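Given the structure of chain A, go ahead and fit chain B onto it with the hints provided.
Going down the list, the sequences are from chains A and B.
Residue numbers are given in the working numbering: position 36 of the first sequence equals residue 303, and the series is strictly consecutive.
Residue numbers are given in the working numbering: position 155 of the second sequence equals residue 1076, and the series is strictly consecutive.
Since the hints were made in silico from the structure, they are not lab data.
Bear in mind the structure is a predicted one, so any value in this text is a computation, not a measurement.
Even for Gly, the Cβ is constructed at its ideal location relative to N, Cα and C.
Careful, some of the hints might be misleading.
[What the hints assert, rightly or not] Some chain B residues judged to face chain A by a derived CB distance under 8 Å, without partners named: (1) Gly967; (2) Gln979; (3) Val981; (4) Leu986.
[Claimed, not checked] Anything over 10 Å on all C-beta distances counts as not near chain A; from chain B, calculated: (5) Glu927; (6) Thr931; (7) Thr935; (8) Glu939; (9) Ser1001; (10) Ala1003; (11) Arg1039.
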Amino acid sequence: MKPAPFDYIRPATVAQAVDALDQHAGMARVLAGGQSLVPMLGMRLMRPSALIDINGLEDELGRIECSGSETTVGALVRYATLERSPVISERLPLLAHVVRYIGDRQVRNRGTLGGAVAQSDPTGEMGLVCLALGASVLARGSGGERTIPIEQFFEGSYANVLEPEELLVALRFPLAPSRCRFFERGRKHNDFALISVVAVGSEDADGRWHDVRIALGGINDRPVLAPAAAARLEGARWDAAAIEEAAQLALEVADPPDDVRASADYRRHLVPVHVRRVLTDLAAGEDR
Amino acid sequence: MSDTVEITVTVNGTVHREQVSVREHAADFLRHTLGLTGTHVGCEQGVCGMCTVLLDGQAVKACLLLAPQLDGHEVETVESLAPGEELDPLQQAFKDAHALQCGFCTPGFLMTATALGREGRALSRDEIRDELAGVLCRCTGYEHIVTAVERYLAETPARERADV
Chain A
268 MKPAPFDYIR PATVAQAVDA LDQHAGMARV LAGGQSLVPM LGMRLMRPSA LIDINGLEDE
328 LGRIECSGSE TTVGALVRYA TLERSPVISE RLPLLAHVVR YIGDRQVRNR GTLGGAVAQS
388 DPTGEMGLVC LALGASVLAR GSGGERTIPI EQFFEGSYAN VLEPEELLVA LRFPLAPSRC
448 RFFERGRKHN DFALISVVAV GSEDADGRWH DVRIALGGIN DRPVLAPAAA ARLEGARWDA
508 AAIEEAAQLA LEVADPPDDV RASADYRRHL VPVHVRRVLT DLAAGEDR
Chain B
922 MSDTVEITVT VNGTVHREQV SVREHAADFL RHTLGLTGTH VGCEQGVCGM CTVLLDGQAV
982 KACLLLAPQL DGHEVETVES LAPGEELDPL QQAFKDAHAL QCGFCTPGFL MTATALGREG
1042 RALSRDEIRD ELAGVLCRCT GYEHIVTAVE RYLAETPARE RADV
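Here chain A stands alone, though its shape is the one from the complex (with noise of 0.2 Å):
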């Protein structure tokens, strides 16, 4: 297969790639990983007049960074990097966790955080990852940089709202809550996620919880937080019936598609279902 013809263009700088996109006026695609973009050329699903290659800007976007609570995730960081490394491992288990179901050992020897996040697959599992540790998005452009909070990035399937010449360059996290579970279903070993489901939150002594988040993925055209349901366990104990009820509350924000994988009954069926699992798991000391 070949993809149609386009400029093959290698910035030795993150300020060259974006005045790579901004000559080329949202014409252009980055080219990270390339484990989604390729097949996508290929099949034509996509005839970008540029390619800007930003493989080559390690040094600007490949990094992992701590600072005080904050941990910052270059845009170019490896599944692979993230799988290994003992920074992600401590400070972002659930990241270093949820990688494991991207993909195969191929794919994430060469996918990065920052292309899935831009990708905004909605059953990707990094953008929901993102939402549920209430991430930053950074982005370059040729204003300079500016910080999107994860809840405002997506806009849509496969759409967000970083402008045409701005180059997503790192994700950002707070300092990750204690406790987290994260669930995933499709219809085949490594397939697109009919649903996911991450809930995270700390538990006190009194055995309460708080800044408790639950995202889902899979089930609109983007990953979303079920405030409903967060809201309706934080700061309570959770009891069998708490937990039910917060299950039925995550279906308010449930506006699910119907596409060749499943119907939209269907996967709304999944979502109390999943919900309950996670968080009853979550209760129970079983993370992850």
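Frame of chain A; chain B shown alone:
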């Protein structure tokens, strides 16, 4: 705008300087330009894993890399495993465990397992299966492939695995 770029890439220890089409993927470059047809091309969309090669020691799907991306990097293909008449210990393990039938997927499994072996980790059967999940086989049903890799990891000293 140029349709081709010059790249310098080390493949199986040999440095090549070649003019490549920017639209060509790395598997086609290896096969058509360098004549290394051991790297097989299956789905060309990153699903089947036939085209797995090592890029700077890491298993990657060559169909998801553009040829110009190889510039300045080191590639190892299945041809690197047995330069002479004798099989590499991993290939021998595949032969002994009946881990291939038609052989089309074999280069993908061999290169994925080569990278795995060099990590030097002790792995359970389930973990081996998970690490190999990016390569599909439509003949053997995987049991023998997992067995071959399991034996290879158990029986070949880590140092030898690293020295391919």
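*asked:* For a quick check of understanding: which of the numbered hints are violated here, in increasing order?
replied: none
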